[in-house]
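Generate coordinates for the entire structure from the input sequences, incorporating the hints supplied.
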Amino acid sequence: MNILLVDDDEILARGTAKLIYRLGNHQVSITDDPSEIFQRCQRGEIDLVLMDVNIPGAEWEGREVSGADLARALKNHPQTAHIPIILITAYAMLSERRALMEASQADGFCAKPVTDYDALLEMIDRLGQKSNSGSVDHNSGRG
Amino acid sequence: MPKKSRGLTADTELTEGALLNRMTNRIRKSLELQEILSAAVVEIRSFLGTDRVKIYRFEPDGSGEVIAESVCNQRLPSLLGLHFPAGDIPPYAREMFIKARQRVIVDIPSQVTTLSRLEAPLTTADLTVEDVYNLPLKEILKRPVDPCHVEYLTAMGVQSSLVIPLLHQQELWGLLVSHHAEPKKFSKKKIQSVQLLADQVTIAITQASLLRDAQERARREAVVNQITTLLHSPLPITEILQIVLECVVKVVEGSAGRLYLFGHKADAAAQLYTFGNQPTLSNNQLLETSRFWQHLLTQNSAPFQPVEELFETSELLSGKDLERKTLSLRSYRRFNPYAVSDIYQEPQLEEVLPAFHSKPIRSLLVMPLSYGEEPLGFLTIFRNEIDTDIVWAGRYSPDDRNDRVRESFAAWRELKKGQAREWRSEEIDLVRSLGTHLTMAIMQNRLYQCEREQRMIVEMRNQELNIARSAAEEASRLKSDFLSSTSHELRTPLASTLNYLKLLKEGFYDNPDELQEYINVAYNAAENLVVIINDVLDIAKIEAGRMHVQLEPVNLPEMLREEENLFRPESRQKGIPLIIDCQVDEVQADATRLRQVLTNLLANAFKFTDSGEVRVRAIQRMQETEGSPQPVVEISVADTGIGIDSDRGDLLFEPFVQADGSIKRRYGGTGLGLTICKRLVELMGGQIWLESPGKGQGTTVTFMLPVVPKS
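Taken in sequence, the protein lines are chains A and B. Position one of the first sequence corresponds to residue 1 (our numbering), numbered consecutively onward. Position one of the second sequence corresponds to residue 1001 (our numbering), numbered consecutively onward.
These are calculated hints, taken from the structure and not from any lab test. Incorrect hints may have been included.
Beyond 12 angstroms from chain B on every Cβ pair, some chain A residues (computed) [said to hold, decoys possible]:
#	residue
1	Ala-13
2	Ala-17
3	Gln-27
4	Ser-35
5	Gly-44
6	Val-53
7	Glu-61
8	Gly-62
9	Ile-86
10	Ala-90
11	Met-101
12	Met-123
13	Asp-125
14	Arg-126
15	Lys-130
Derived list of chain B stretches under chain A, where covered just means 3 residues or more per stretch with a C-beta under 8 angstroms from a C-beta of chain A [claimed, not checked]:
#	region
16	1478 to 1489
17	1495 to 1504
Predicted, not measured: the structure shown is a model, and the values here were computed from it. Ideal placement from N, C-alpha and C gives every residue a C-beta, glycine not left out.
Following this line, the structure appears as structure tokens:
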């Protein structure tokens, strides 16, 4: 699976990417540039997005955006709506988590730091398969 | 003869009937008493055919005045307008008039003969008032006339008289008197007719009196209405009281007045409203603080009179009831006005009399004002002395008045200057009633003020509570925000640490360099975590009030030299000179915390500056604090680095706030440094602020500390 990891902390992201590659055998590319995210998703290069909520400095269509904003934008674009998105955030409080899931329309959620990679990989596999098998049904991609 | 006699009788009856009719009509037509009386004397004189008919009115002091008179062809001298002293008609004589209703002395010369015939006869002059009251009328009438009276009438040139008393409310109001220069006898019928006429005059007097009373009452009610309207008008109470005082003074024909009100609360001063020419005490003392006024408020002092009801009912009450009644009255006592007609005759006023010297004031009226048990003050009205002008019938000296009858009744004018004027009971009543209204208005105003104050206090408390609640909510929100941010900030380095430790643990490294890199990253991330934790702990400690600063004189040049040494490596490495310009020797601060602030600010300055310089400057200047200029030390750390938009400068003092997202990526840090600096400076009694002309134009952070520590 080709996974796009959106994170502004490059060192942290490199570690995460390497672990996912070595543990789950997925190709992981890293970016925090919104336009690159959209281009690559629209081109069909990406099977799943791991989206960090906190990407300070990211701008999209002239305004500052969070990972949750980008996730919602992807979900609302016909070309990218089918791509599963898992939110990764250090905002781990339950109330914050609910609000973020609601706002982002993401498919899954993962707390940062990731302590259980097996669970994360299982979620990636599950969402990736659904997305592949049910590409006709856009709704099936939503967890 | 009988026929003739009948005709005469009919004629007389006709005349009398006509006269009665005329009189009755006149009395009904007019409400002017003087007019009626003047008409009556003319009618009655012509009816009786005597030389003089007069109406004599008694004054309260027993003297009297001829107020209406009709004289036939100057056969007798006119007495109209003359006053007669009280002794001229002694009390027993007045009592006789009331009892006998009418008195006829047919022939003075014959009385003189009777008197001279008897050896020391008992005359009417020997009667007492009680005798007159107790003896049968016949007995009294049997007695010869008082020889003095005989002499008196003789001196007046009168030889026969008819006197009919004019009664008003069971009191002798005056006399209807007929005098004749010759002896004259009246038929019973005639006397009866005159009596009827006198009754008509009495009716007229009663009506006039009723009218006067009604007019008086109406006038009083109008005044009371006018004043109550004023008292409840929306004007400020001080204006109202001044106007009302003036009204009260004018309405009782006073010359001046004053309203003194005790201080409402323990700390409030007494108020004094004045109108007219005031008596002034030499020592600037107020009259109301003198014994006379103060005594009016003390319970057992003479001027104080308890409520009338106590007197009215006390006889009906047993001892215990009376006691209870007195007690209950005591707690709701009312005060009566205390009237002094002549202040120079009132012993209690002696000590304040100097205040009245050189003033024309002669009388005063004091109405103590109180509400329940609470004395409120005094309403005092002054009246000037007056000049009286009385025309007496004949000059007499008080010494021989009783011994010798006056020989002449020629008018004698007596002009008396500087006389006291009595306070009439209507005036006293009016002042009492106005005093009560005044009291009510004052109390109402006080209650209103009191209620307003209470309401304001409640409103203020509510506001305070609202502010406190908002502050508590804000504090709670900030705390929760801080916790959330802290959690987030701790998780990021923790994630890096865990990621790379896991890579190491799984052995996912391809070569020794990668192994070393993973170890370094994990270590740096863990180290970063410790820095954040320390910062967070510092803030938490300050927030919890557990960070204590010890202010002491700190040698600032020395501390700046230490800082210079600390940052020398960084300065050399980046090629940025650190310039210290210290114009202050000493500053009041906590050395450890001041160093922490300086280190933090210098670290920021070097971190965000690539070229140029970092300059530290310390100066002393005066600053306006709480109205007075206080010396302060100002220390600024200026760099030539990346700067910041001026509108975001203040935000940087908020926890975890950095200028923008890229700062973290490029420079790292937690966004807690300035927050800690701000809290520490504030703990040391100072202020901190950040200035930047804009992005790329450098930043200056300045903090100020007081030279003299706040106690």
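Outcome of the hint check:
Remark: the non-interface label on Ala-13 of chain A conflicts with the geometry, its nearest Cβ contact in chain B lying 9 angstroms away (cut-off 12 angstroms). Distance to chain B contradicts Ala-17 of chain A as a non-interface residue, since its nearest Cβ pair spans about 9 angstroms, not more than 12 angstroms. No beta-carbon of chain B comes within 12 angstroms of the beta-carbon of Gln-27 of chain A; the shortest separation is about 15 angstroms. Separation of Ser-35 of chain A from chain B is adequate, the least Cβ-Cβ distance of about 16 angstroms exceeding the 12 angstroms criterion.
No Cβ of chain B comes within 12 angstroms of the Cβ of Gly-44 of chain A; the nearest lies about 29 angstroms off, and the non-interface call holds. Not every C-beta of chain B lies more than 12 angstroms from that of Val-53 of chain A, the closest at about 9 angstroms, which undercuts listing it as non-interface. Once the 12 angstroms rule is applied to beta carbons, Glu-61 of chain A is consistent with being away from chain B; the minimum gap is 17 angstroms. The Cβ of Gly-62 of chain A lies farther than 12 angstroms from every Cβ of chain B, with a closest approach of about 15 angstroms, so its non-interface assignment holds.
Every C-beta of chain B lies more than 12 angstroms from that of Ile-86 of chain A, the closest at about 15 angstroms, which supports listing it as non-interface. Some Cβ of chain B comes within 12 angstroms of the Cβ of Ala-90 of chain A; the nearest lies about 4 angstroms off, and the non-interface call is violated. Every CB of chain B is more than 12 angstroms from the CB of Met-101 of chain A (nearest about 16 angstroms), matching its label as outside the interface. Chain B leaves Met-123 of chain A outside its interface by the beta-carbon criterion, the shortest separation being 17 angstroms against a cut-off of 12 angstroms.
Look at Asp-125 of chain A: its CB is around 19 angstroms from the nearest CB on chain B, clear of 12 angstroms, so calling it non-interface holds up. With a minimum CB-CB distance of about 22 angstroms to chain B, Arg-126 of chain A clears the 12 angstroms threshold, and the non-interface call stands. With a minimum CB-CB distance of about 27 angstroms to chain B, Lys-130 of chain A clears the 12 angstroms threshold, and the non-interface call stands. Interface restraint, the region 1478 to 1489 of chain B with chain A: holds (4 residues with C-beta to C-beta distance below 8 angstroms; minimum three).
For a cut-off of 8 angstroms, the count of residues in the region 1495 to 1504 of chain B with a CB near a CB of chain A stands at 8, and the three-residue condition holds.
Violated hints for the displayed structure, listed by number in ascending order: 1, 2, 6, 10.
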